[in-house]
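**Q** Spelled out from the first residue to the last, the chains are:
There are 2 protein chains.
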Amino acid sequence: MYRSHSCGELRASHMNTEVTLAGWVQKTRDKGFIIWVDLRDRYGITQLIFDAERTPAQVVEKAKTLGREFVIQVKGHVIERESKNTNIPTGDIEILVTELTILNEAIVPPFTIENETDGGEDLRMKYRYLDIRRNPVKNNLIFRHQVTMQVRQYLSDKNFIEVETPYLIKSTPEGARDFVVPSRMNEGQFYALPQSPQTFKQLLMVGGMDKYFQIVKCFRDEDLRADRQPEFTQIDCEMAFVTQEDVLTVFEGLTRHLLKEIKNVDCDEFPRITYAEAMQTYGNDKPDIRFGMKFGELNKVTQHKDFKVFNDAELVVGIAVPGGASYTRKEIDKLIEWVKRPQVGALGMVYVKCNDDGSYKSSVDKFYNQEDLAQWAKVTKAQTGDLICILSGQKNKVRAQLSALRMELADRLGLRNPEEFAPLWVVDFPLLEWDDETERYHAMHHPFTSPKPEDITLLNSKPGEVRANAYDLVLNGNEIGGGSIRIHDTATQALMFDYLGFTPDEAKAQFGFLMDAFQYGAPPHGGIAFGLDRLVAILGGQETIRDFIAFPKNNNGRDVMIDAPAAIDNDQLKELHIQLDL
Amino acid sequence: MYRSHSCGELRASHMNTEVTLAGWVQKTRDKGFIIWVDLRDRYGITQLIFDAERTPAQVVEKAKTLGREFVIQVKGHVIERESKNTNIPTGDIEILVTELTILNEAIVPPFTIENETDGGEDLRMKYRYLDIRRNPVKNNLIFRHQVTMQVRQYLSDKNFIEVETPYLIKSTPEGARDFVVPSRMNEGQFYALPQSPQTFKQLLMVGGMDKYFQIVKCFRDEDLRADRQPEFTQIDCEMAFVTQEDVLTVFEGLTRHLLKEIKNVDCDEFPRITYAEAMQTYGNDKPDIRFGMKFGELNKVTQHKDFKVFNDAELVVGIAVPGGASYTRKEIDKLIEWVKRPQVGALGMVYVKCNDDGSYKSSVDKFYNQEDLAQWAKVTKAQTGDLICILSGQKNKVRAQLSALRMELADRLGLRNPEEFAPLWVVDFPLLEWDDETERYHAMHHPFTSPKPEDITLLNSKPGEVRANAYDLVLNGNEIGGGSIRIHDTATQALMFDYLGFTPDEAKAQFGFLMDAFQYGAPPHGGIAFGLDRLVAILGGQETIRDFIAFPKNNNGRDVMIDAPAAIDNDQLKELHIQLDL
Chain B
1 MYRSHSCGEL RASHMNTEVT LAGWVQKTRD KGFIIWVDLR DRYGITQLIF DAERTPAQVV
61 EKAKTLGREF VIQVKGHVIE RESKNTNIPT GDIEILVTEL TILNEAIVPP FTIENETDGG
121 EDLRMKYRYL DIRRNPVKNN LIFRHQVTMQ VRQYLSDKNF IEVETPYLIK STPEGARDFV
181 VPSRMNEGQF YALPQSPQTF KQLLMVGGMD KYFQIVKCFR DEDLRADRQP EFTQIDCEMA
241 FVTQEDVLTV FEGLTRHLLK EIKNVDCDEF PRITYAEAMQ TYGNDKPDIR FGMKFGELNK
301 VTQHKDFKVF NDAELVVGIA VPGGASYTRK EIDKLIEWVK RPQVGALGMV YVKCNDDGSY
361 KSSVDKFYNQ EDLAQWAKVT KAQTGDLICI LSGQKNKVRA QLSALRMELA DRLGLRNPEE
421 FAPLWVVDFP LLEWDDETER YHAMHHPFTS PKPEDITLLN SKPGEVRANA YDLVLNGNEI
481 GGGSIRIHDT ATQALMFDYL GFTPDEAKAQ FGFLMDAFQY GAPPHGGIAF GLDRLVAILG
541 GQETIRDFIA FPKNNNGRDV MIDAPAAIDN DQLKELHIQL DL
Chain G
1 MYRSHSCGEL RASHMNTEVT LAGWVQKTRD KGFIIWVDLR DRYGITQLIF DAERTPAQVV
61 EKAKTLGREF VIQVKGHVIE RESKNTNIPT GDIEILVTEL TILNEAIVPP FTIENETDGG
121 EDLRMKYRYL DIRRNPVKNN LIFRHQVTMQ VRQYLSDKNF IEVETPYLIK STPEGARDFV
181 VPSRMNEGQF YALPQSPQTF KQLLMVGGMD KYFQIVKCFR DEDLRADRQP EFTQIDCEMA
241 FVTQEDVLTV FEGLTRHLLK EIKNVDCDEF PRITYAEAMQ TYGNDKPDIR FGMKFGELNK
301 VTQHKDFKVF NDAELVVGIA VPGGASYTRK EIDKLIEWVK RPQVGALGMV YVKCNDDGSY
361 KSSVDKFYNQ EDLAQWAKVT KAQTGDLICI LSGQKNKVRA QLSALRMELA DRLGLRNPEE
421 FAPLWVVDFP LLEWDDETER YHAMHHPFTS PKPEDITLLN SKPGEVRANA YDLVLNGNEI
481 GGGSIRIHDT ATQALMFDYL GFTPDEAKAQ FGFLMDAFQY GAPPHGGIAF GLDRLVAILG
541 GQETIRDFIA FPKNNNGRDV MIDAPAAIDN DQLKELHIQL DL
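These protein sequences, in sequence, are chains B and G. Our numbering puts the first sequence at residues 1 to 582. Our numbering puts the second sequence at residues 1 to 582.
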């Protein structure tokens with residue numbers, strides 16, 4: 001062992017002990033007669049002192065050669081510091097060095113290894129191993145480990161069994177794009193990497209393994225939006241002989257446990273709203289409920305006058321911005337510009353100031369009187385001093401726009417405190433969603449989700465209205481988990497495949513094994529999957545998942561550190577029975 | 001919830017309770033007036049009784065339609081059994097059923113869902129979800145979960161951090177064949193699936209994350225020998241600022257912990273032998289030391305007579321088989337045939353019976369007298385009643401042959417008790433091994449393994465004799481873990497790459513990131529990786545890893561259940577910039 005103690009361990013109580021430490025040189029201060037070195041390891045920083053009067057001369061000489069990030073080992077004894085540093089746990093002591101070994105030299109790192117570094121994102125990614133030396137990144141990785149340990153312990157204590165499902169599986173065109181793996185031993189054939197262990201966990205239910213979980217890598221070959229990764233980690237779960245209520249209870253329990261153990265936050269029973277209600281109240285299926293600004297639908301109280309914009313709109317809807325009545329004209333104009341940006345896409349915004357004297361001042365005073373505006377304030381629950389922001393247009397679009405505005409304003413108003421946690425179940429998701437491109441309905445969750453029995457009759461008449469036994473767990477405006485009760489009989493599954501446009505042959509080729517399995521006695525079952533990267537980031541009070549992944553890829557799916565992907569040998573291609581087609 | 005209790009839970013103390021159970025129909029016995037049904041779930045079996053006098057008539061009628069593996073839910077109350085079944089924990093009670101719901105019907109399964117099934121290997125693999133319903137397979141998967149929970153808890157308690165390393169990495173021709181993944185976004189380029197997280201864990205050490213572990217899938221595109229899987233699971237570990245001794249201590253601790261917690265077996269300090277000693281004493285670098293039959297080298301006491309076979313041999317070596325003197329001539333002939341099989345490859349076998357009267361009877365009495373044979377008995381530590389089996393020839397070959405014979409005989413003699421555990425460290429592995437095919441030395445472990453400093457000078461003169469700081473943990477004749485202290489400086493790593501035939505450009509292209517990293521202050525580090533599949537199988541008292549994998553692949557790398565790999569669409573190929581080359 002190269003050390004007797006870590007660099008975060010020594011206290012006043014260790015005074016006069018002989019110790020051996022090893023770590024990295026964080027910084028050196030050479031005052032001629034005395035050299036101080038901050039020695040760093042994973043556990044902290046300990047100050048070393050090389051004192052010409054008390055340290056052997058050749059050791060002092062060697063200390064003068066130390067550069068940033070050199071790896072060294074020292075022996076010495078623990079002494080009291082003359083000027084204590086109360087900012088670090090080891091601040092009472094320092095090590096009077098008697099022996100120094102340079103274990104490895106270091107060239108100057110491309111950015112500073114400090115909490116606040118001068119390295120940009122690209123540089124930090126290329127030298128990720130140096131970035132990991134920094135406390136913020138290191139602590140995120142340790143935090144992630146703590147979360148997964150808690151998840152495993154909680155589920156295992158509840159009799160869940162972690163079962164590893166295969167990574168080399170079969171490609172299924174439904175859903176996102178698969179990454180595929182050419183098979184050398186099976187010419188012209190390919191494995192696919194799993195987008196999720198969905199079918200395998202269902203087969204485990206058929207196999208009687210009635211409480212399954214797995215913390216598992218999943219893969220999607222998507223064009224990467226910001227903060228998406230081609231490989232990501234899921235907490236994947238499934239239960240048999242359960243209803244939706246049972247699944248929600250268990251995973252609400254897990255989430256409550258994590259909030260308590262990891263963040264020391266106590267949560268009451270999580271509120272639940274339906275998808276329809278979420279869309280109506282927040283314009284969003286993953287609403288952030290840490291703050292209000294609920295939507296007020298204003299059609300009834302706006303469409304009785306000559307204001308054509310509102311009269312023509314499918315939906316007129318507003319929110320009350322706390323304290324917004326004090327915004328200047330310029331500030332409001334900027335807000336209007338903000339909602340008109342292409343990313344939001346509103347055509348304009350109507351506003352009403354709720355003045356301190358109880359009067360209203362709106363941008364549509366020409367059309368509406370004080371009584372009208374008072375009605376609007378009532379519907380949007382605006383108080384004196386608030387600003388009502390109103391958008392109108394096609395229902396789905398205007399809801400998305402107002403939701404974006406609501407989130408933006410909450411950010412500006414500091415209402416999204418990362419250390420406050422507001423979990424929420426959104427239930428009764430639609431079974432199907434219309435896809436403009438292919439001009440047909442797709443499974444909103446996936447083709448294995450069961451429709452609510454009472455809605456099945458709507459499948460042909462009003463497919464968009466069929467609700468599923470599907471649910472999402474939302475935390476602070478982020479979907480952190482989603483799941484459903486599954487279809488567990490061949491007939492319904494066949495119906496669903498048929499409905500989604502699979503021919504019987506296609507269904508059989510892709511999912512025959514699952515349909516077969518259902519014939520041999522499948523229990524009712526359902527489950528959920530949490531996005532671990534996102535969950536950890538949010539619990540960590542941050543929103544960027546990349547900061548919680550040891551070796552993330554960039555937006556082109558590249559690992560810039562190892563420079564992958566890369567070309568491979570022609571011999572390799574030949575063995576795999578493929579050639580490039582550029 | 002479909003049930004109030006599991007099928008393994010009810011006892012006499014539950015008598016008269018109203019319960020709801022759900023599960024699979026294991027079997028039915030219809031006696032006309034009374035029908036008994038064994039209901040099974042993951043937790044056990046509970047007997048249901050449908051009694052024409054006490055159960056509603058329509059329920060009895062429905063019970064008559066039940067077939068094997070139907071999924072049902074029943075309500076009823078717990079009553080005392082007339083004839084108790086002491087073989088199962090629920091054997092004191094049965095459920096007098098009042099309500100019966102058929103949750104799902106089942107067609108007749110292709111094999112019986114019993115501990116001893118009538119299904120062959122192929123059928124069981126195709127219907128793995130049914131195989132998992134059987135206790136032996138189900139219990140293996142639960143056992144695996146318990147082992148991994150213990151591993152994680154132990155290492156986490158010792159301050160190890162589980163860090164997820166990427167699955168989409170870069171192909172490196174060194175070592176086994178990679179599985180590769182064409183990149184859609186980076187034309188003509190490929191990711192590779194990791195054969196192990198080796199370089200990433202070393203980078204984590206450079207990053208200061210000084211105790212790392214991960215239970216992780218690894219991939220090797222090898223021609224599959226029996227009981228190898230293209231994807232397999234590793235307990236992957238690395239530590240910084242450690243010597244070999246530290247690594248052995250920690251992972252001996254882990255192994256001892258597992259043996260104690262999982263098997264309730266106490267182990268003393270694990271014995272250690274060098275690779276050279278293992279080869280000399282057991283002809284094998286993973287010796288099973290649950291039994292003796294150590295090799296006795298007989299050159300000195302055999303090469304002084306006219307027996308040309310021995311005189312010409314590089315090595316004459318024997319083992320004493322306990323009680324083997326009683327073997328008949330026929331039995332011994334069969335043994336000789338066995339060693340002459342192509343899989344073993346010996347040209348013949350000399351034997352000596354150590355008779356009860358102290359005399360010896362050998363197959364080479366023509367050449368050797370009683371005194372000679374007594375010497376042989378002394379060297380092989382043969383006792384009265386033993387049979388000495390002697391092979392001769394080229395050293396490495398004859399050692400492998402005698403090792404095979406030793407294992408075979410131990411099996412026959414019942415000396416390999418799967419519930420006895422004999423761990424062993426094998427240390428001081430050679431750094432390099434000669435490869436006949438490429439006619440050069442290869443890294444025996446991998447190119448990152450550090451040579452013993454005192455042996456470095458031998459690199460040019462006697463490369464085969466350079467020892468590495470490399471070690472294996474052997475359990476009951478199986479290598480369950482292997483590791484090494486790594487090179488941690490650029491110069492030695494460059495020397496090693498050069499020695500292994502990499503040009504500087506190749507080394508840079510493939511491992512440039514690691515060489516770069518070493519320049520920024522790499523600590524001394526080393527680690528180990530355990531094969532989880534094998535470890536779990538051995539702890540489970542079995543040797544077939546497939547039985548401990550939920551969804552294994554066959555020897556052609558196929559998943560016969562989902563029928564993967566499979567052809568993919570031309571559109572998919574096009575998007576990936578590849579075409580088939582058949």
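Simulated from the structure, these hints should not be mistaken for laboratory data. Check the hints yourself; a few may be wrong.
Facing chain B, according to a computed beta carbon distance under 10 Å, are these residues of chain G, among others [stated by the list, open to error]:
#1 Thr117
#2 Gly120
#3 Met149
#4 Lys158
#5 Ile161
#6 Thr165
#7 Val180
#8 Gln189
#9 Ser196
#10 Glu245
#11 Asn299
In silico DSBU-like cross-links for lysine-lysine, where the CA-CA straight-line distance does not exceed 30 Å [what the hints assert, rightly or not]:
#12 G/Lys330 - G/Lys308
#13 G/Lys452 - B/Lys75
#14 B/Lys260 - G/Lys158
Don't be surprised by glycine CBs; every beta carbon is placed ideally from N, CA and C.
**Q** Which numbered hints does this structure break?
**A** 1, 2, 4, 9, 11
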